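> Spelled out, the chains give:
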Amino acid sequence: MKEIRSKKFIFYTLLIISALVIFFPIFYAISVSFMSEGDVRARKLWPSDFTFSNYGSAFEQMPLLHYLKNSFIVSSVVMIGQLILSSLAAYTFAFLQFKGRNVLFFIFISTMLIPWEATMIPNFLMVQGLGWTNSYAGLTIPFFATAFGIFLLRQHFLTVPYELREASLIEGLGHFGFLTRVVVPYCKTSFITLGVYSFLTTWNMYLWPLLVTSDDSARTVQIGMKQLRSQEMATDWGGVMAGATIIVIPTLILLFLGQKQLQQGLTKGAIK
Amino acid sequence: MGLARNINQEPKSNKTSVRKSDLKVGLLFLAPSILLFSVFLFYPLVRTVYYSFHITDITGEQSVFVGMENYLFLFQDPVFYESLKATFLFVLYTVPTSIGVDLFLALLSNEKLKGIGFFRVIFSSTMGISAAASAVIWLFLFHPSVGFFNNVLNSLNLPVVQWLINPDWALLSVSITTIWMNLGFSFLILLGGLQNIDQTLYESAAIDGAGYFSRLWRITLPSLSPTLFFITTVTLINAFQSFGQIDILTGGGPNDATNLLVYSIYKEAFVNYHFGTASAQAIILFVFIFILTILQFKFAERKVHYQ
Amino acid sequence: MTLLKKGTAVLAAGFMAMSLAACSSNSSSGNASEKKEVAPVEKEGDKTVVRFWHAMGGDTQKVLGDIVQDYNESQEKYEIKAEFQGTYEESLTKFRSTKTSKTAPALVQSSEITTKYMIDSGKITPVQEWMDKDNYDTSQLEEAITNYYTVDDKMYSMPFNSSTPVLIYNKDAFKEAGLDPEKAPRTYSELQKAAKALTKKEGNSTKQYGFSMLNYGWFFEELLATQGGLYVDQENGREGTAEKAKFQGKEGERVFNLLNDMNKEGSLGNYGTNWDDIRAAFQSKQVAMYLDSSAGVRNTIDTADFNVGVAYIPHPDEVDSEGVIIGGASLWMTNMVSDETQQGAWDFMKYLATKEVQAKWHTGTGYSSINPDAYEEELVKEQYKKYPQLQVTVEQLQSTKKSPATQGALITVLPESREAIVKALESMYEGKDPKQALKEAAEATERAMKLSNRTAQK
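Residue numbers (this note's numbering), protein chains in the order written: chain H, 1 to 272; chain D, 1001 to 1307; chain F, 2001 to 2458.
If you're looking for bench data, these hints aren't it; they were derived computationally from the structure. Among the hints, a few may not be true.
The calculated EDC-like cross-link candidates involving lysine to aspartate or glutamate, where the alpha carbons are at most 16 Å apart (straight line), are [claimed, not checked]:
1) F:Lys2102 <-> H:Asp215
2) F:Lys2450 <-> D:Glu1069
3) H:Lys8 <-> D:Glu1111
4) H:Lys7 <-> D:Glu1111
5) F:Lys2102 <-> H:Asp216
6) F:Lys2355 <-> F:Asp2373
7) F:Lys2081 <-> H:Asp216
Predicted model, so just to flag it, every value in this text is computed and none were measured.
Here chain H stands alone, though its shape is the one from the complex (with noise of 0.2 Å):
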């Protein structure tokens, strides 16, 4: 009993102090959103006077409603597109058979390998001409192939049995049948991981979309960071702070309520 109470002892505490360690930046961040000028400077860890003022002007500077709301449909939008022509692309490579195929995989896998910077100015040059700026077809089009998406449902589509696709074959499922019938849900984990992954990825996206947009209509809210420092005039840290945890609220309230989907969707693997 008392090893086992030892042990609980060392995991508690181990747990506590790396949860402090990690979530201080968070903490610290939301603290100076609500202080007022003079604490900044004073350097203090809590606002000796609340106030609110800071979340105003950040509000005030820019249409940060706006641009979450776009951030979301263009995350949204990239995490869909990705899904679906990964999910093709994948079943593809796992499941059918034809000359060349291998050899295609290998081509598909080498984009991997292409940093995006190595195309970013012929892509914007290209997207232009298009006439896709400031818009969100220019913001997520681009981003729909994923070879990482395609290699990681691949990999899954492997552990699928054969038995189940020889079964399909006996109820008369066509390719699109089967993947959708069968291979999607026995996969959930994998699409629940990419479909996270690409999101966060696109929402994370900065560059690109200060490149893309020359007006507030598509602008996602990365950039609207950007714009709370001025550059030859005092940063306002508060202000800057608050824009700063308006921006992670939402997503850390989807991330909480998301984790228990995110966990159970993670370990249903385990159970077959």
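Once you've looked at the hints, dock chains D and F against the given chain H.
Just chains D and F, lined up with the frame of chain H:
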């Protein structure tokens, strides 16, 4: 639990009609991806190669063909080697540390303790914070005058550290920020991987009387190897492509200490408008990653146990 | 291995096919069309829309927003849409790749160092053309400012937010150190002495540094210009295309030696390249004197809890001060929009240059007024009563002697050159010999200029 399929050992269909129809379906399914890859990846890559053999003026339109001149210049340019060094150091600082820390947290969070859910949420929270927001928060923490860290050092009467201004510290500070930023996602994946491990393996080990670390070494890590492989790949790719936090924290400085290859490409192209050298750097980066990934696949995948 | 070989072969074939496509599409560009294509006129109700790209964030964006709103409400013909594009660099990047489209801007704010690029870009209408059409009297504008944007007697852009460098100091700290708070150091030797007196040490750490300068190329250029030193040859690029760097000459050496000496003496604080960091250091009394932009003066005075003094930037003992180069940015009219839209842009430019609006801009931000009459406005006079220090910034600008040195360097690669200077400073602080550091910066600058000149010849 069915047997996993080794795709190369599958009974190859003898019926050419099946293969033909597979081909048709395959091409149909692949068509959108092929189209997008061609337009937004392959074609621009070739354009970049083209640029790397030219020097362009400030509008990027007029260009003079110079053959290998850009590459030759880079190979004798100390600044380029600084970038390479910074990039490799950065990868060295962030990748193993990230994986180590994330694994540690995942193992902790895998224990059946009361309230463990709360801790899991905390640890995965950094996933929801973008590079821009993270960098801005850490910029504030690292601030030489009003930053928290120096504040603490001051109150302990220790000399303050120029976190982002001292070349020796700058790369470390950027690495710390990056590790923090990428915690959430890797943690969740590793946790998921841990929870996917067949519990019966542990039960039989418990009967044998194996201790915590012995179980860790003999069961957990090997079973986790596919997930670990995946996370390593992802972390490596992320490390090579880090941009946002460098832009906000250091701008590549001081004295090029944090001028990672990717950032250097951006600067050459968008600040100095030297598309030629920027493209040449991009191609060199491409070659590096290409070789690295091939090596990784050849050696590492052998060690991965698929169930 | 066969898979690898096959795959590579296919890739190689694909690449070759693509290269042909890529190369051929490139060679056909560059045929200048006879008639310049312009964006269709955009209307909002009855008003013609004029898109205005700017890089003003934070507080300055607020003031700008107010001014734009006032203008839009004051007349029925034009509607200005002010669109934030990021930093000057990001804005320029976008502008570079922008072609005529319905969202093309009519007005672009671009920083002073991009002047030569903008002129050469072929995308702008020199503002002189509209001035001539309107018989606009440019003498009502501040000469020291318009000089920068005038080449061969032609004014290319309309100045908008102009700043100058100043020396900001802590008057209370001066008193404490036994220095006269009303007499700021003017020469290098005075500066060095004052910095030494103001440096406070406590054991091994320095609690207060005497002086600091942001690692930013602009300040170096200013310290150079105030000595009458040229940055590049060909009269700073204003008589012809510059090819050689001149900043590593004796004027530049004086600046670097000053900084190096103070650094060795321990009186120089190093706060990196971030404006915030150095200002925060001043606010928290970690440094007693520093160089800043006039645009930040008012904010600094407001936030400080001690008395703040503002003075001219220092000059070496051997020479007289010749003044300063203006910094900041100006407004460029693009030729990507129709004449009607350009007319609207011009009208807005004129509005911005009136003394009332300049008074508002000057007092709201701290940027210098481009219209000297603004200083007579009540608004400004009130402001000066509260902030007499602001007058120093105006006096320094107006006492500038016109010369190629104070006109500023006109080269396309100034951003890159500034990076080289920053690097030189950083390496000098790490121990490199100042002369060597300057030499390397000069070499980097010359290489950049050579590359730029090679492509310009086509």
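> Indicate, hint by hint, whether the structure satisfies it.
Status of the hints after comparison with the structure:
1. F:Lys2102 <-> H:Asp215: Status holds; Cα separation ~12 Å.
2. F:Lys2450 <-> D:Glu1069: Judged against 16 Å, a Cα distance of about 14 Å means the pair holds.
3. H:Lys8 <-> D:Glu1111: At roughly 9 Å apart (the allowed maximum being 16 Å), Glu1111 of chain D and Lys8 of chain H satisfy the hint.
4. H:Lys7 <-> D:Glu1111: Answer holds: Lys7 of chain H to Glu1111 of chain D is near 11 Å, not above 16 Å.
5. F:Lys2102 <-> H:Asp216: Given that 16 Å is the threshold and the Cα spacing comes to 15 Å, the pair holds.
6. F:Lys2355 <-> F:Asp2373: 6 Å, holds
7. F:Lys2081 <-> H:Asp216: 11 Å, holds
This entry satisfies every hint, going by the numbered hints stated previously.
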